[in-house]
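**Student:** Protein sequence lines, in the order shown, are assigned to chains B and Y.
Each residue of the first sequence is one higher than the one before, starting from 1 at the first, in my numbering.
Each residue of the second sequence is one higher than the one before, starting from 181 at the first, in my numbering.
Some hints here could point you the wrong way.
[Said to hold, decoys possible] Using C-beta positions, here's what the derived DEER-type ranges look like: (1) Ala49/B - Ile247/Y: 15 to 25 Å; (2) Ser54/B - Asp199/Y: 20 to 30 Å; (3) Val237/Y - Ser54/B: 42 to 52 Å; (4) Arg185/Y - Ser64/B: 24 to 34 Å; (5) Ala270/Y - Arg46/B: 27 to 37 Å; (6) Arg57/B - Arg262/Y: 34 to 44 Å; (7) Ser335/Y - Ser27/B: 34 to 44 Å; (8) Ile247/Y - Glu9/B: 14 to 24 Å; (9) Ala193/Y - Asp17/B: 28 to 38 Å.
[Unchecked claim] Stretch by stretch, here's where chain B covers chain Y in the computed footprint (C-beta under 8 Å, at least three residues): (10) 212 to 226; (11) 230 to 242; (12) 249 to 260.
Quick caveat, the hints were computed from the structure, so don't treat them as lab data.
Each residue gets a CB set at the ideal place from its N, CA and C atoms; glycine is no exception.
Here is how the chains run, residue by residue.
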Amino acid sequence: MLDPINLPEELREIEADLSREPSAEISQELHAKVMSSVHETIDRERHAAASRRSKTRHLWLPLSMVSLATAACVALIVARFIDQKPNRWRLSHLDPAPVAQQYANEDESGADDANEDNAGEDLFQDDSSLPTIQHYRLALSESPADWEALVDRELDMFQELGGDSQPIRWRQGTSSLQDD
Amino acid sequence: MTDPRPEPDDLRAALAAGDESAFRDLLERLGPRLHRAATRLLGSRTDADDAVQEVFVSLVRSRDRLIEVKSVSSYAFVVLYRMGARLQKARQRQPGLLGNLEDQAAPSVGPTDFDEEMLNRAVQSLPGEQREVVVMRTDGGLTFAEISELTGVNSNTVASRYRYALEKLREELKTKTC
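Throw the hints in and build the complete structure from the sequences for me.
**Tutor:** As structure tokens, then:
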């Protein structure tokens, strides 16, 4: 008994009759109907689950491509940004120190003529933005010998390119070009 | 002679995995009792057939839960009760959830045992509140506490209804056999 209840004998007999196993099985028709519903329900749920998995899988490909493309764009932007930074120190700006250092450090014996010419072209292409000699003075104020060497070389290049062959006053520390 | 078919609780894992043969075993094990309970509750074989079918569809849909339930059999009867209650509510029957079946056509149940058929008819003549307690206890094997939780009625009230129901059945059967 599941939970004892104080029943007289007569009522216990009725209870026992009610609880007896049914004498008849369910009809074959009902059996078939129930199993058909069970099969359909299981089948439907499995298809739905497979469809959900398939959709998720198909989403991965475009999502990953979008992520890669975004990452590539970000990397390009960052690289461009980093790449642009050294431009600030080019000769087009008024900071002669790196260029002066470049000439100062260059190995004269192994210098490539083509490179020198190119360097000269960089120097003389845009007169308006060229640094004045004063800038070079400032940059090389601690190394007069290097300063002299730099000036000589620049003068040579200037003359090779058809510039004025006369000595230039700025050798003597002026900031403008004057004939002797 | 012991039933060679597996006990419902032994089928939990297979049922949860969606094994159709496990559902077949469960139907063969529980089907007759479920059908009789449905007939006693609803008073119609057609309704009882539909109820059993719906119970099993519901069991398939909630098969993951079968691992956790205390008893697969009791769970099936709880589902049957709720289904029957919904069906009866849809028919707007009062009092109780099941209402009275006196005005319904006599069920075309086909048990071979005369006593069983008489018992079924007697149960169907009970008031709805008593009928549901008797069916859930004798067919479903639910305790008074479980029936109390299911119906929302105090367990002492459930026990009282059960006793009154049995007394009424005794009177009914005495009348018929005299």
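**Student:** Against each hint, give a clear statement of whether it holds in the structure.
**Tutor:** Hint check:
One distance hint, 15 to 25 Å for the beta-carbon pair Ala49/B and Ile247/Y, holds here, with the actual separation near 18 Å. For the pair Ser54/B and Asp199/Y, the supplied restraint of 20 to 30 Å holds, since their beta-carbon distance comes to about 24 Å. A C-beta distance of roughly 25 Å is found between Val237/Y and Ser54/B, which places it outside the suggested range of 42 to 52 Å. The beta-carbon spacing between Arg185/Y and Ser64/B, approximately 52 Å, falls outside the hinted interval of 24 to 34 Å.
For Ala270/Y and Arg46/B, the hinted distance range of 27 to 37 Å is satisfied, since their beta carbons lie about 31 Å from each other. The hinted range of 34 to 44 Å is satisfied by Arg57/B and Arg262/Y, whose Cβ atoms lie roughly 38 Å apart. Between Ser335/Y and Ser27/B the beta carbons are some 36 Å apart, a value that agrees with the proposed interval 34 to 44 Å. For the hinted restraint 14 to 24 Å between Ile247/Y and Glu9/B, the CB-CB distance of approximately 41 Å leaves it violated.
A beta carbon spacing of about 35 Å between Ala193/Y and Asp17/B agrees with the range 28 to 38 Å that was offered as a hint. Remark: the stretch 212 to 226 of chain Y is confirmed as covered by chain B, as 4 of its residues place a Cβ nearer than 8 Å to a Cβ of that chain, reaching the required three. Residue count for the stretch 230 to 242 of chain Y with a Cβ under 8 Å from a Cβ of chain B: 6. That meets the three needed, and the coverage hint holds. Interface restraint, the stretch 249 to 260 of chain Y with chain B: violated (0 residues with C-beta to C-beta distance below 8 Å; minimum three).
Violated hints for the displayed structure, listed by number in ascending order: 3, 4, 8, 12.
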